[in-house]
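Engineer: Chains A and B, in that order, give the protein sequences.
Numbered by this note's numbering, the letters in the first sequence go through residues 22 to 369 in order.
Numbered by this note's numbering, the letters in the second sequence go through residues 22 to 369 in order.
Be careful, since some hints might not be right.
A pair counts as met if it fits within one copy or between any two copies, since identical chains are not told apart.
[What the hints assert, rightly or not] Keeping only pairs whose Cα atoms sit at most 25 Å apart, straight-line, the calculated SDA-like set for lysine to any residue is:
1) K182 - D286
2) K266 - E186
3) K204 - L109
4) K321 - N194
Hints were generated in silico from the structure; no laboratory data involved.
2 protein chains.
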Amino acid sequence: MTNLQNDLFLRACKRQPIERTPIWMMRQAGRYLPEYRAVREKADFLTMCKTPELAAEVTIQPIDLIGVDAAILFSDILVIPEAMGMTLEMHEGKGPVFHRPIRNEEDAKELKSIDPTVDLKYVLDAVSLTKKELNGRVPLIGFSGSPWTLLTYMVEGRGSKNFAEVKKLIYNNPVLAHKLLGKISDIVADYLSAKIEAGCNAVQVFDTWGGILTPDDFNEFSLQYIQSIISKIKRTNEPVIVFAKGVHYNIEGIAGTGADVIGLDWTMDLGEVRKLIGNKVALQGNLDPTKLYGSEEVIKNEASKILQSYGKGSGHIFNLGHGILPDVPPANAKLLVDFVKEESKKYH
Amino acid sequence: MTNLQNDLFLRACKRQPIERTPIWMMRQAGRYLPEYRAVREKADFLTMCKTPELAAEVTIQPIDLIGVDAAILFSDILVIPEAMGMTLEMHEGKGPVFHRPIRNEEDAKELKSIDPTVDLKYVLDAVSLTKKELNGRVPLIGFSGSPWTLLTYMVEGRGSKNFAEVKKLIYNNPVLAHKLLGKISDIVADYLSAKIEAGCNAVQVFDTWGGILTPDDFNEFSLQYIQSIISKIKRTNEPVIVFAKGVHYNIEGIAGTGADVIGLDWTMDLGEVRKLIGNKVALQGNLDPTKLYGSEEVIKNEASKILQSYGKGSGHIFNLGHGILPDVPPANAKLLVDFVKEESKKYH
Numbered sequence: 022m023t024n025l026q027n028d029l030f031l032r033a034c035k036r037q038p039i040e041r042t043p044i045w046m047m048r049q050a051g052r053y054l055p056e057y058r059a060v061r062e063k064a065d066f067l068t069m070c071k072t073p074e075l076a077a078e079v080t081i082q083p084i085d086l087i088g089v090d091a092a093i094l095f096s097d098i099l100v101i102p103e104a105m106g107m108t109l110e111m112h113e114g115k116g117p118v119f120h121r122p123i124r125n126e127e128d129a130k131e132l133k134s135i136d137p138t139v140d141l142k143y144v145l146d147a148v149s150l151t152k153k154e155l156n157g158r159v160p161l162i163g164f165s166g167s168p169w170t171l172l173t174y175m176v177e178g179r180g181s182k183n184f185a186e187v188k189k190l191i192y193n194n195p196v197l198a199h200k201l202l203g204k205i206s207d208i209v210a211d212y213l214s215a216k217i218e219a220g221c222n223a224v225q226v227f228d229t230w231g232g233i234l235t236p237d238d239f240n241e242f243s244l245q246y247i248q249s250i251i252s253k254i255k256r257t258n259e260p261v262i263v264f265a266k267g268v269h270y271n272i273e274g275i276a277g278t279g280a281d282v283i284g285l286d287w288t289m290d291l292g293e294v295r296k297l298i299g300n301k302v303a304l305q306g307n308l309d310p311t312k313l314y315g316s317e318e319v320i321k322n323e324a325s326k327i328l329q330s331y332g333k334g335s336g337h338i339f340n341l342g343h344g345i346l347p348d349v350p351p352a353n354a355k356l357l358v359d360f361v362k363e364e365s366k367k368y369h
Numbered sequence: 022m023t024n025l026q027n028d029l030f031l032r033a034c035k036r037q038p039i040e041r042t043p044i045w046m047m048r049q050a051g052r053y054l055p056e057y058r059a060v061r062e063k064a065d066f067l068t069m070c071k072t073p074e075l076a077a078e079v080t081i082q083p084i085d086l087i088g089v090d091a092a093i094l095f096s097d098i099l100v101i102p103e104a105m106g107m108t109l110e111m112h113e114g115k116g117p118v119f120h121r122p123i124r125n126e127e128d129a130k131e132l133k134s135i136d137p138t139v140d141l142k143y144v145l146d147a148v149s150l151t152k153k154e155l156n157g158r159v160p161l162i163g164f165s166g167s168p169w170t171l172l173t174y175m176v177e178g179r180g181s182k183n184f185a186e187v188k189k190l191i192y193n194n195p196v197l198a199h200k201l202l203g204k205i206s207d208i209v210a211d212y213l214s215a216k217i218e219a220g221c222n223a224v225q226v227f228d229t230w231g232g233i234l235t236p237d238d239f240n241e242f243s244l245q246y247i248q249s250i251i252s253k254i255k256r257t258n259e260p261v262i263v264f265a266k267g268v269h270y271n272i273e274g275i276a277g278t279g280a281d282v283i284g285l286d287w288t289m290d291l292g293e294v295r296k297l298i299g300n301k302v303a304l305q306g307n308l309d310p311t312k313l314y315g316s317e318e319v320i321k322n323e324a325s326k327i328l329q330s331y332g333k334g335s336g337h338i339f340n341l342g343h344g345i346l347p348d349v350p351p352a353n354a355k356l357l358v359d360f361v362k363e364e365s366k367k368y369h
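Please model the complete structure; the sequences and the hints are all you need to start from.
Structural biologist: What follows is the structure, encoded as structure tokens:
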């Protein structure tokens, strides 16, 4: 499969035979690495996203330093609303802020239609450069937020506890909500297609805020758009991963979207989910990211439990159940990666 | 059952025949009511908790104004750590803060052993006074945080996104964590027994932060302590409700604690949970609190779906899936209560 020296991740996505379980970590190109912080000192977050050299540099760091089996392009899900004309302020540690959130038809009119190959060309350039610099060592993953998760940020404008504003929108003006979700979906499908065209070997859709919805609302406002995107992505054999945090109540629905891989948070039992949908899709996850604050024994015990829970055979990509936290010691991340690489052999 | 004029709530807890589904709302004595805010203007939050006349006054407001079928004593779960010697600052809207959180053995040594009948006498006085003023109109519910949830606040000291500190404690010093949880459990059991002795007709245990744990950690650090408390509470026929938000992965375990009623958040399907455990316990919930931002149609549709999902027969107490939000119009809360009272008749 391709000219990759290490294609374990891609084979696991397709549930093809592998020698050991591959591992990567969400937010692996991030603040826990001193080498990342050194780059970050020279440029702000958005500048890093928009400068292919810097994006490529931090994307590759965890391959060299931690030894993960896949790279994920350094970027942010909010580059889409930013390209649509929303002014984005990134406060690292505090989260992103849109000072003029979208709340009604008037606000929505100001959103530009965009062509990702033009308006997000810097991302595609970063993909090309990263591919070149990776030089076939490991596959490169591209990603996007789901339409629902992007809409949540666009409407709330900032971090939220109860998501009151986006919920008011979907309850009281579902027509506008669906119009926006449809528009975002088309952009996301084009964006992920362009990333694959530029060289990404797989793409992941993050539905970070799917889990705040009731099961019916999730189907109406998130799931159908994820399904629509997956049906539209132009790809040959590149797997699609869907990670819908907290959506414990419709794992089967997510497995029916056409996704190749389902990401799971740490509240799910991998073995039980495998029984439910493991003949349809591969599973990715699901170590509680805070376990990396633990001792060597804690980390190894928990990783062992997860490997054992999935059991024998291909179809598991080891990952965290959410992004790696900024104050985790890099040595603990490396310890996890080394341990999973060795320990997982007996399951294959 | 007792001399109550309206004992629908208590009969539903015991799955005894009822004429219609009872309803109350978590945080119903709260900021969404202008009458509550008027009292709050005269006294700070802790003073309200500690002044039986004020606590009784706001406890009874939603009975008169909204027409709910049960009162829940106005108080806060953090009165226990406060009585144990931790200095508590309540910033309404921002959440509570302990400036000196518990992180190690040294910190833990400073926690006092308390006798709730002495150190939390003001709560028991508020129960007695409220009972007198309610004059048998509806039952009175008392509550406590679960040991795990109390420990989380005591260790984090303030609102948290990743709960890094309490997780570091349980991973790296489980001995201390269990020692603290055992100590808190004894206090909670005594506290809830004293509340029942003082006149509460039912008690609810809030495990607000159970859902941040992996399934194994939940069993070890939360569930066993809830079970221990329930076995120790001195009661005759007073039901115990357990609400463990986000613990979708061990509903059967919670139903096995000896609880009479399980509270559910809005990500759960009431009908499916009833199939799973409805022959053991009653179910309470589970309207998404943000639905009360919706139109009359939205609120009625969603309430109908929930009643229909539970189906015919006793054993359902209508509630929200989390506390009512401070900016919900009281008229919408009243609309929900009136609608559930009428619409639910056909299920009985």
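Engineer: How would you classify K182 and D286 at a CA-CA limit of 25 Å: within, between, both, or neither?
Structural biologist: Both, since 19 Å and 15 Å are each at most 25 Å.
Engineer: Is the C-alpha distance from K266 to E186 at most 25 Å within one copy, between copies, in both cases, or in neither?
Structural biologist: Both: 20 Å inside a copy, 22 Å across copies.
Engineer: What label fits K204 with L109 when the C-alpha limit is 25 Å: within, between, both, or neither?
Structural biologist: within (19 Å within a copy, 48 Å between copies)
Engineer: Within a copy, between copies, both or neither: where do K321 and N194 come within 25 Å Cα-Cα?
Structural biologist: Classified as between: cross-chain Cα gap 17 Å, same-chain 49 Å, threshold 25 Å.
In the structure shown, no violation is registered for any of the earlier numbered hints.
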